[in-house]
Amino acid sequence: MSSTSAASSGRRDAAPGLAAPVPPVSRTALLRAADRVPIEAAYAPGPGTGAPAIVVAHGFTGALERPAIRRAAAVFAQRAGVVTFSFRGHGGSGGRSTVGDREVLDLAAAVAWARSLGHARVATVGFSMGGSVVLRHGALYRPEARGDEWERGGREGRTGAYGNAAAGAGGGARGPAAHGAGADGPVALGSGTEGSVALGADALGPGAIPAGTVPYADAVVSVSSPARWYYRGTAPMRRLHWIVERRTGRAVSRLALRTRIHHRRWDPEPLSPTAAAPLIAPTPLLIVHGTQDTYFPLDHPESLATAADPATAELWLEEDFAHAENAASEDLLERIAAWATEAAGRRPSRGT
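This note's numbering applies: residue 200 is where the sequence shown begins, and numbers increase by one.
Read the hints as simulated data drawn from the structure, not as lab findings.
Heads up, some of the hints might be wrong.
[As the list claims (entries may be wrong)] Quick list of simulated restraints, FRET-style, between CB atoms:
1. ARG427 / GLU264: 38 to 46 Å
2. GLY432 / ARG459: 25 to 33 Å
3. PRO496 / GLY317: 40 to 48 Å
Ideal placement from N, C-alpha and C gives every residue a C-beta, glycine not left out.
Throw the hints in and build the complete structure from the sequences for me.
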């Protein structure tokens with residue numbers, strides 16, 4: 200385990216101005232997750248052929264068009280192709296937010312799209328809620344998995360869906376039928392119209408993802424993630440629980456925050472970030488957290504780092520960095536991009 204404490208030039212409550220030009224979006228897509236929820240996505244090409252891709256997973260109430268995500272994409276695009284998307288219940292995506300549970304299916308669809316665009320190596324970078332999602336995705340979607348299991352819908356990427364691995368982490372594994380896994384598997388790719396792309400078994404056509412493809416990540420970066428569920432130890436998290444758990448709060452979220460939240464509680468409970476962390480190895484993992492984070496104190500990243508494999512994980516504790524994408528400085532984003540692109544190349548490519 201490598202642990203560093205670095206000074207960040209980012210402001211505590213707002214992101215600094217963007218110096219790098221915003222990369223042009225060359226393609227937009229309407230992806231479809233395993234449970235058929237439509238997910239809006241956009242792609243910006245990287246600096247040249249052969250570059251890896253970075254898939255960006257935003258925080259709660261974010262979306263692909265939000266300034267903080269566009270700023271991060273601009274920095275990342277200097278080193279990699281960049282896929283941004285809106286989680287379910289956010290932005291132009293369908294469905295309702297499950298606050299990190301079924302969102303792992305949205306990320307899997309985005310990773311599969313990145314691979315279908317020709318990127319042999321893909322890193323995931325998630326912020327806050329997205330940080331917890333990339334951890335679970337990294338644990339549950341593994342490069343050694345057999346593609347035919349995905350095609351049968353044998354793994355859905357939720358609690359227990361990775362069979363013995365999740366059970367060994369105390370995830371309370373259940374069979375895939377308990378999660379409502381579709382028989383079509385998580386993703387399939389078909390050509391849309393006017394440059395759009397649809398994912399889902401009903402969209403198979405020219406350019407479909409080859410049979411046996413597993414939408415795994417070659418490197419995982421989790422920024423400002425919680426270590427455990429239901430944390431209420433700070434005022435911002437108590438407010439968030441009011442928004443999520445109360446009917447009035449969900450109405451406020453829908454009208455003021457443009458985030459549609461599902462009213463049902465988790466059943467079963469998703470694999471926790473701490474339980475997911477050790478399952479990510481041997482995939483490289485970077486945990487990034489700010490010393491000024493007002494949502495999750497430092498015991499959260501420290502718990503994640505302790506649980507992770509010390510041979511493949513790193514912890515960065517960033518001074519003067521607050522929480523997630525809105526507070527990330529350009530310097531921090533550049534260092535994350537450099538780490539992600541280098542780490543994604545450590546594993547031998549398995550193709551697309």
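List in ascending order the numbers of the hints, as given earlier, that are violated by the structure. 1
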